[in-house]
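Keeping the supplied structure of chain A fixed, place chain B upon it in accordance with the hints.
Listed below are the residues making up each chain.
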Amino acid sequence: MSDIPLSEILILGAVLFSIGLVGVLTRRNILVLLMSVEVMLNAVNVTLVGFSRYHGWNEGHVLAFFIIAVAAAEAAVGLALVLAVFRTKGTVWIDELKLLRR
Amino acid sequence: MLHDLALVAPQLILLFAALFTLVVDPFLHTNTDARRFWGWFGAAFAALAIVAAALLWKFGPFEMQTPAFAHHISASRYSLFFVALVSLCSLVTHLASPRYLVEQGASYGEYYALVHFATFGMACMVAAESIITLFMALEIMSMSVYVLVAFKRGSVASVEAGMKYFIMGSVASALLLYGTAFVYGLAGSTNYIDIGRTLAKPIAGGDLWLGLAMMLVGAAFLFKVAAAPFHMWAPDAYEGAPTPITGLMASGVKVAGFAALLKFVYAGMAGPAMAAMHQHLPHILATVAVLSMTVGNLLALTQRSVKRTLAYSSVAHAGYILLGCVAYVADPTLAGYQQPSGAVPFYLVGYALASLAAFAALASVGKNGEELTGEGQLIGMGRRHPLAGAVLGLAMISLAGVPPTLGFFGKLQLVRDVLGVDGGKYLPHVVILVLNSVVSAYYYLRVTVYVYMRPEGRLPREYVRESSLDWAMGLTAAGLLVVGALPGRAMNLGLASVATIRTATATSHLAYERLAPGAQKTAAPLAVAPADAAAAQAKAP
Chain A
73 MSDIPLSEIL ILGAVLFSIG LVGVLTRRNI LVLLMSVEVM LNAVNVTLVG FSRYHGWNEG
133 HVLAFFIIAV AAAEAAVGLA LVLAVFRTKG TVWIDELKLL RR
Chain B
253 MLHDLALVAP QLILLFAALF TLVVDPFLHT NTDARRFWGW FGAAFAALAI VAAALLWKFG
313 PFEMQTPAFA HHISASRYSL FFVALVSLCS LVTHLASPRY LVEQGASYGE YYALVHFATF
373 GMACMVAAES IITLFMALEI MSMSVYVLVA FKRGSVASVE AGMKYFIMGS VASALLLYGT
433 AFVYGLAGST NYIDIGRTLA KPIAGGDLWL GLAMMLVGAA FLFKVAAAPF HMWAPDAYEG
493 APTPITGLMA SGVKVAGFAA LLKFVYAGMA GPAMAAMHQH LPHILATVAV LSMTVGNLLA
553 LTQRSVKRTL AYSSVAHAGY ILLGCVAYVA DPTLAGYQQP SGAVPFYLVG YALASLAAFA
613 ALASVGKNGE ELTGEGQLIG MGRRHPLAGA VLGLAMISLA GVPPTLGFFG KLQLVRDVLG
673 VDGGKYLPHV VILVLNSVVS AYYYLRVTVY VYMRPEGRLP REYVRESSLD WAMGLTAAGL
733 LVVGALPGRA MNLGLASVAT IRTATATSHL AYERLAPGAQ KTAAPLAVAP ADAAAAQAKA
793 P
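So the sequence lines, in the order shown, correspond to chains A and B.
Under our numbering, the first residue of the first sequence is numbered 73, with each subsequent residue one higher.
Under our numbering, the first residue of the second sequence is numbered 253, with each subsequent residue one higher.
Chain A on its own, in the form it takes in the complex (with noise of 0.2 Å):
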């Protein structure tokens, strides 16, 4: 465990990250927008980590568990705000949502 190098955590956010923005960008469903969303933020606490144990001193770890808690908080919000459009518009489709454009 100890000797795994900064860079490879590090190449491991970026891929992370990459995947979550590339999800984001690209998938329909609202569901799956949250959970690229909630890759993003994990990706961020593996650079964090990855940083905090290279400069030995942790605060990157205090950050990570804010946004782990703070990305919970997203995700109740997120699916109550789901729920809403699931009511009122009967889709979880972000396209269909159109009826502010004009």
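Hints are computed from structural coordinates only; laboratory data are not their basis.
Honestly, I wouldn't trust all of these hints.
What the hints assert, rightly or not - Calculated from the model, a selection of chain A residues having no Cβ within reach of chain B, i.e. all distances over 10 Å:
1. Ile76
2. Pro77
3. Leu120
4. His127
5. Leu172
As the list claims (entries may be wrong) - Quick list of simulated restraints, FRET-style, between CB atoms:
6. A/Leu97 with B/Leu624: 31 to 39 Å
7. A/Glu168 with B/Leu624: 21 to 29 Å
8. A/Ile91 with B/Arg717: 51 to 59 Å
9. B/Thr282 with A/Lys161: 27 to 35 Å
10. B/Glu362 with A/His127: 52 to 60 Å
11. B/Leu687 with A/Ser90: 35 to 43 Å
12. A/Glu168 with B/Val734: 46 to 54 Å
13. B/Leu687 with A/Asp167: 35 to 43 Å
Stated by the list, open to error - Cβ-to-Cβ under 8 Å is the rule here; a few derived chain B residues that face chain A:
14. Met388
15. Arg405
16. Tyr436
17. Thr442
18. Gly458
19. Leu460
20. Tyr702
Just so we're clear, the structure is a prediction, and the values are computed from it rather than from any experiment.
For every residue, glycine included, the Cβ atom is placed at its ideal position computed from N, Cα and C.
Below, chain B alone, put in the same frame as chain A:
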């Protein structure tokens, strides 16, 4: 030395108001109509927060940043100025909301609690002293606003706007975090001042990573303030949101976004070793600013819903303010750097008041679950509801930047300060700004034409009346006129607020001087310890 809790008193007042509303509201067995009193309650607590900030400003030693809670948050004149401003936005939102919510069938107590939470987030954001606080505050604000945008649960437009805003907003948060993760990786600390000190030393290959990090952070902030390449969400979210919340988004969220951005860039990134950054950053900002104001104004011309017009107008104003920010990030080794600019805080006051006034006036239009904010629907407003018509007209005139109002002086100061940077290098950008103002006058005045000059249709329209709404409109209109008539005092407050983050910057600046003597031209304060140097800086005029 004041106790840490006293330093964040305004924030604590806002937090208390939020929690109190949330806890007490379920126990009130009253009908929805009676929940309107939460509007007065919220306004009172927002006013209390403003008073607390004013008292701290007056009696506290806040010419310097005074850190609290292990340097995670600080009180300074900068933070107090913006805390008071976002509390004012909250106050007006609280006053403008109750009648509107009853008419729209969404009068619940959580609304007022969420407005307080959002304001609490903004107030912490402008006082943040570390990346952790910045992120938490930003998320508290954003998440409250996502819910508030979708607050009319039964309305398709409102829920759709909330969903879109949420998805775009959470991507922006992730970008911000990824950027700050790299800043943390380079600096080894999440504290602004520490970051500034560490990054003042050149890091091998660090420029590239820092550039990448700043790009990500910049994109996230531009998103939050709805500047041009990242403005796509703004028209939808502004139109779908409940009208008073649109006012809060246009004023409070934007104020907090700009204040936090300036502080982050200014305190964290100001060392002389950032020369490469300082070569490029002003140009990038100026380019984005010009893009934002042009795109915003041109798109606003074609809109027919006033809320949507004002959404694009807010994109344009984000552009004006970004151009003002150039005066702050210009190369610190240049002479222009020595003249602090109070233009951005002052401009933000004018813009926030005008937006709040406009959306408070529009909040009086909706009735029985309908929002009637199309331009054609405003016909006859000036005669049927003289106060709302006059306030809307005044707000439009101020947003357009016509002389007797605050908007004019804000723009004047902004243009003057940007022209002062770097020997007038940004003259072309300022010319574009002025041309843009001329273009924008067309659609602002078009609204007043509909309010006052079009023959009224056959359908007589009634407007809702409510004393708190009248207060909201009266307060903002009085602010626009009174501060517009006597702009000197507000301008000085803005200047004094900015001076405090400049002092912090000077500290990290001098720390670098000690590390690498002779690297820069100014050799005088070499032997001075950072704290003493900062104190000296504070005393200097």
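To see whether the hints hold, each was checked on the structure:
no.: 1; hint: Ile76; result: 15 Å, holds
no.: 2; hint: Pro77; result: 14 Å, holds
no.: 3; hint: Leu120; result: 5 Å, violated
no.: 4; hint: His127; result: 4 Å, violated
no.: 5; hint: Leu172; result: 4 Å, violated
no.: 6; hint: A/Leu97 with B/Leu624: 31 to 39 Å; result: 37 Å, holds
no.: 7; hint: A/Glu168 with B/Leu624: 21 to 29 Å; result: 26 Å, holds
no.: 8; hint: A/Ile91 with B/Arg717: 51 to 59 Å; result: 54 Å, holds
no.: 9; hint: B/Thr282 with A/Lys161: 27 to 35 Å; result: 32 Å, holds
no.: 10; hint: B/Glu362 with A/His127: 52 to 60 Å; result: 41 Å, violated
no.: 11; hint: B/Leu687 with A/Ser90: 35 to 43 Å; result: 40 Å, holds
no.: 12; hint: A/Glu168 with B/Val734: 46 to 54 Å; result: 48 Å, holds
no.: 13; hint: B/Leu687 with A/Asp167: 35 to 43 Å; result: 37 Å, holds
no.: 14; hint: Met388; result: 6 Å, holds
no.: 15; hint: Arg405; result: 6 Å, holds
no.: 16; hint: Tyr436; result: 6 Å, holds
no.: 17; hint: Thr442; result: 5 Å, holds
no.: 18; hint: Gly458; result: 13 Å, violated
no.: 19; hint: Leu460; result: 13 Å, violated
no.: 20; hint: Tyr702; result: 18 Å, violated
Going down the numbered hints, you'll see the structure goes against 3, 4, 5, 10, 18, 19, 20, while the others check out.
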